[in-house]
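Peer 1: One-letter residues, chain by chain:
2 protein chains.
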Amino acid sequence: MKTAALEFWFDFASTYSYLAAMRAEELAARSGVELLWRPFLLGPLFTAQLGIKDSPFNVQPVRGRYMWRDLERLCARYGLGWKKPTTFPRNSLLAARICCAAGDAPFVPAFCRAVFAANFAADRDINSPDVLGELLAAQGRDPIALIARAATPDVKAALKERTDEAARRGVFGAPTFFTDGEMFFGHDRMDHALDWARGKR
Amino acid sequence: MKTAALEFWFDFASTYSYLAAMRAEELAARSGVELLWRPFLLGPLFTAQLGIKDSPFNVQPVRGRYMWRDLERLCARYGLGWKKPTTFPRNSLLAARICCAAGDAPFVPAFCRAVFAANFAADRDINSPDVLGELLAAQGRDPIALIARAATPDVKAALKERTDEAARRGVFGAPTFFTDGEMFFGHDRMDHALDWARGKR
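Those protein sequences? They're chains A and P, same order as listed.
Going by the working numbering, the first residue of the first sequence is number 2, and it counts up by one from there.
Going by the working numbering, the first residue of the second sequence is number 2, and it counts up by one from there.
Because the hints were derived from the structure by calculation, they are not lab data.
Among the clues, some could well be false.
[Said to hold, decoys possible] In the SDA-like style, the derived pairs of lysine to any residue whose C-alpha atoms are separated by at most 25 Å in a straight line are:
(1) P:LYS201 - A:ASP124
(2) A:LYS54 - P:LYS201
(3) P:LYS54 - A:PRO57
(4) A:LYS54 - P:GLU166
[Unchecked claim] Stretches of chain P that chain A covers, calculated by requiring three or more beta carbons in the stretch to come under 8 Å of a beta carbon on chain A:
(5) 60-71
(6) 178-187
Being a predicted model, the structure only gives us computed values, none of them experimental.
We put the CB at the ideal spot given by N, CA and C, even for glycine.
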């Protein structure tokens with residue numbers, strides 16, 4: 002029997018993607034579902050769909066204020082570290098390119114969680130090569146080689162194509178999950194998406 | 002000991018408010034929490050905060066398409082009737098005014114559920130006095146008296162003040178829940194809001 006799989010589309014700058022990234026692997030394993038990590042960039046989608054060049058949470062401050070309190074409560078509920086980033090949204094381009102360069106290498110999930118934790122639990126600049134290099138080294142990888150590879154035209158094109166694919170498939174925010182032709186939006190739908198992946202509908 | 006209470010703010014035109022309205026009373030009862038039904042109008046908030054005169058799901062069709070599929074799946078998951086309304090959003094003014102006229106009368110929750118079901122499970126015009134009169138009569142109320150009372154200046158002012166209060170308290174969508182100074186947005190947060198109301202944090 003083929004293992005059920007769930008595509009997990011996220012942006013390292015996205016607050017609710019942080020929650021999903023920290024919880025997804027454990028929940029997927031418990032459901033017997035394989036998790037496919039798919040970093041992409043939200044910015045081009047927001048620009049194309051909403052005509053904005055910022056996070057909707059900044060453009061609509063009433064909603065933004067709620068989101069920050071919601072995040073704080075949810076992190077407490079799930080026992081996750083939380084420190085409101087002093088910059089939001091942070092530039093997630095280099096981190097996303099490094100992931101694209103790494104493909105489905107086994108260290109990617111742990112690296113992704115480390116990037117999210119740097120952004121949302123330690124308030125660090127996740128676009129800094131020094132910060133990302135440190136997180137790669139902590140996974141036993143060669144920071145210099147991977148960061149250099151992230152800057153190649155092939156990898157830049159791969160991330161652009163990934164983001165274009167998100168737009169074609171109807172993504173409008175993050176995190177977004179795909180399984181068996183169905184799309185589920187938001188950390189709040191992660192459990193429903195996992196149910197769907199394993200045939201519980 | 003004071004009974005814990007949860008304010009449930011909703012608009013009869015709102016799709017996710019439908020889910021919340023159909024499920025809230027049972028979940029609240031199971032949690033030992035008193036539910037306070039608070040109809041208001043989303044339209045003025047969308048205009049003030051987003052500069053739009055339509056549902057955000059219509060203004061942003063990528064998101065709208067997802068919402069309709071999401072609703073269909075959620076109704077199946079929770080065993081709720083579902084028929085995509087041929088008009089969206091429906092005008093919810095008269096239904097909201099009738100609720101304001103009725104205050105916290107015991108028939109209000111059942112009437113609200115009937116209005117939501119008319120809109121989202123039977124595709125009926127919930128701004129029609131005939132339809133609303135039928136739903137009031139089914140609750141053993143006097144349709145003519147209540148619909149007349151809904152048109153008085155006092156009731157109109159009460160609904161306007163209710164909507165202004167929502168704006169002052171930071172509401173940006175529906176359903177929204179308040180308990181103990183905390184705001185929770187969305188049907189997806191109903192269980193967290195109930196947990197908070199009964200002191201589980």
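Peer 1: If a hint holds in the structure, say so; if it does not, say that too.
Peer 2: Outcome of the hint check:
no., hint, in the structure
1, P:LYS201 - A:ASP124, "29 Å, violated"
2, A:LYS54 - P:LYS201, "39 Å, violated"
3, P:LYS54 - A:PRO57, "18 Å, holds"
4, A:LYS54 - P:GLU166, "31 Å, violated"
5, 60-71, "holds (count 7)"
6, 178-187, "holds (count 5)"
Consistency note: the structure conflicts with the earlier hints numbered 1, 2, 4.
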